[in-house]
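Turn these sequences into a full structure, and let the hints steer you where they fit.
There are 2 protein chains.
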Amino acid sequence: MSTCETCAVRNRAICSSLDGGEIQALSSMGRRRTVAAGEPLIWEDDDSLLVANVIDGVLKLTTSTEDGREQIVGVAYPSDFIGRPFGQTSRATVVALTDARVCVFARNDFDRFAREHPELEHKLLERTLAELDRTRSWMMLLGRKTAPEKIATFLLDMSDRYGDVSACTTFRAPAKLFTLPFSRQQVADLLGLTIETVSRQFTKLKQDGVIGLPSRREVEILNRPALSALAG
Amino acid sequence: MSTCETCAVRNRAICSSLDGGEIQALSSMGRRRTVAAGEPLIWEDDDSLLVANVIDGVLKLTTSTEDGREQIVGVAYPSDFIGRPFGQTSRATVVALTDARVCVFARNDFDRFAREHPELEHKLLERTLAELDRTRSWMMLLGRKTAPEKIATFLLDMSDRYGDVSACTTFRAPAKLFTLPFSRQQVADLLGLTIETVSRQFTKLKQDGVIGLPSRREVEILNRPALSALAG
DNA sequence: CGATAACTTGACGGCGGTCAAGCGGCGTGG
DNA sequence: CCACGCCGCTTGACCGCCGTCAAGTTATCG
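Protein chains in written order, with my numbering: chain A, 1 to 232; chain B, 1 to 232.
Just to be clear, a hint being listed does not mean it is correct.
If the Cβ cut is set under 7 Å, some of the chain B residues that face chain A in the computed set are [to be verified]:
| # | residue |
| --- | --- |
| 1 | VAL73 |
| 2 | LEU125 |
| 3 | GLY192 |
Which residues of chain B face chain A? A few of them, derived with a C-beta cut under 10 Å, are [what the hints assert, rightly or not]:
| # | residue |
| --- | --- |
| 4 | GLU126 |
| 5 | LEU129 |
| 6 | ARG144 |
Distance ranges between label pairs, derived from CB positions [what the hints assert, rightly or not]:
| # | chain 1 | residue 1 | chain 2 | residue 2 | range |
| --- | --- | --- | --- | --- | --- |
| 7 | A | PHE171 | B | GLU116 | 51 to 59 Å |
| 8 | A | ALA106 | B | LYS204 | 45 to 53 Å |
| 9 | A | ASP45 | B | ARG216 | 31 to 39 Å |
| 10 | B | ALA36 | A | ASP46 | 41 to 49 Å |
| 11 | A | SER16 | B | LYS204 | 50 to 58 Å |
| 12 | A | PRO214 | B | LEU213 | 53 to 61 Å |
In case anyone wonders, no lab produced these hints; they're calculated from the structure. Built from N, CA and C at the ideal position, the CB exists for glycine as well.
In structure tokens form, the structure reads like this:
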């Protein structure tokens, strides 16, 4: 039995392509589970056994070198799809950044179901293409931007992500004040920097009056044009 | 009228999902064209009007900052699919690195056709997922690897890409000697380095006897284990 | 054979990484 | 309620990698 009807992401996740009967069939294959902050869900280079929809919370996708250097290669928010369908192994580790709820499926089951439901595959394709676009623009940041540019770009990105949709349904105003789901180290892993450089750049922006830092995880945008100019 | 039956990538491109009648319909919508080395095919932030299959040649996908810094975010080889279906704008510029032949479609036509042919969309999905995997592992390189590690990783990557399939159909032996489709500047744009750093690292590897450089575009792998060790 | 572009090499400096110490907020336990 | 300790973060000093600028060299093509 399922709670799909009342699911918070019912109309945004790839499931939105399915009608009542179909979603019943899909939900009978999956199950909900919670992932505590810091807890892994999928391991890099492991057999790809799981795929999932994110219902609530934020998770990071990372890859690591043998000597322990880490790079965050993606971030999954509610309604995002995670895992590697149609492939033997997962190429990224998935770890929850906040307490999270996900809707997990055995990859084999999901693959079979998806191939029988083209509308679902289409939604997944659109999502994957959009994710590839985002990933590629992040490559630009990693390969060619300086530390101040990286930080500014990141903050604007977060501000948009946590924007307010209340005013208007089509336009989402960027948030002035928001809470980061990342620690300083995780920001560093996202931007290809060290924690010290991240800290110094935050302090610099605060001193220059561009941002405020009410608490460790909170950021307030005080001078958006300045931040945009810095973003490169 | 079409030459799909004799197309060099007929069995590897996404078209391989289509039967005779279907491919006839698709090919009637598209046309072949050549793209000279250095010539662009798609522009960043332009309306996404074109998609294409690569028949022959190599193309680069790039994004640029306003002040002219460039990052190569992808490389398309024969049988690869390029362009942005199901989206209003293309987020990368596509430029031919070598003289190339492509099979182009108006995006609108392609989108409509794809939605009517789930097997084609499935192939496209598998390709996109694989490309996302590759792109993410490249993020690791851009964000966390040093210049020597980047160069070593790049050369091993190229060696695999140009491997010989003659010996065995399932296993592709990495190439000892191969010709780069990239100039030094393009290698720099791929790795997030400057042309000078690329040049110096090549020279260093040559001096150390790890590689040979018979000509500007050719590379010979002399000590693969050493290169693997350097790749990080 | 000359012109031009692509590449190499050298000198130098700055950005950001490394190492180390200090700070502060929060939770725990006395 | 306060003392303490821990962990995440900040700050400082230093330095090395790699970017910048400039000159020299080698391929390529008309």
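Comparing the hints with the structure gives:
For VAL73 (chain B), the shortest C-beta to C-beta distance to chain A is roughly 4 Å, which falls under 7 Å, so the interface hint holds. A hinted interface residue such as LEU125 (chain B) counts as satisfied when its beta carbon comes closer than 7 Å to some beta carbon of chain A; here the least separation is about 5 Å, so the hint holds. At about 3 Å, the closest approach between the beta carbon of GLY192 (chain B) and any beta carbon in chain A falls short of 7 Å, and the interface hint on this residue holds. Checking GLU126 (chain B) against chain A: minimum C-beta separation of about 5 Å stays under 10 Å; hint holds.
Satisfaction of the interface hint for LEU129 (chain B) is found here, the shortest Cβ-Cβ separation to chain A being roughly 6 Å, below the 10 Å cut-off. The beta carbon of ARG144 (chain B) is positioned within 10 Å of a beta carbon in chain A (closest approach about 4 Å), and the interface hint is therefore held. A hinted range of 51 to 59 Å for the beta carbons of PHE171 (chain A) and GLU116 (chain B) is inconsistent with their spacing of about 33 Å. ALA106 (chain A) and LYS204 (chain B) have their C-beta atoms about 49 Å apart, which keeps the hinted 45 to 53 Å range intact.
Between ASP45 (chain A) and ARG216 (chain B), the C-beta spacing of about 37 Å keeps the proposed range 31 to 39 Å intact. Under the hint 41 to 49 Å, the C-beta atoms of ALA36 (chain B) and ASP46 (chain A), about 45 Å apart, fit the expected range. Range check, SER16 (chain A) to LYS204 (chain B): about 54 Å between beta-carbon atoms, so the 50 to 58 Å window is met. A hinted range of 53 to 61 Å holds for the C-beta pair PRO214 (chain A) and LEU213 (chain B), which are about 56 Å apart.
Hint check: a violation occurs at hint 7 only; the rest are consistent with the structure.
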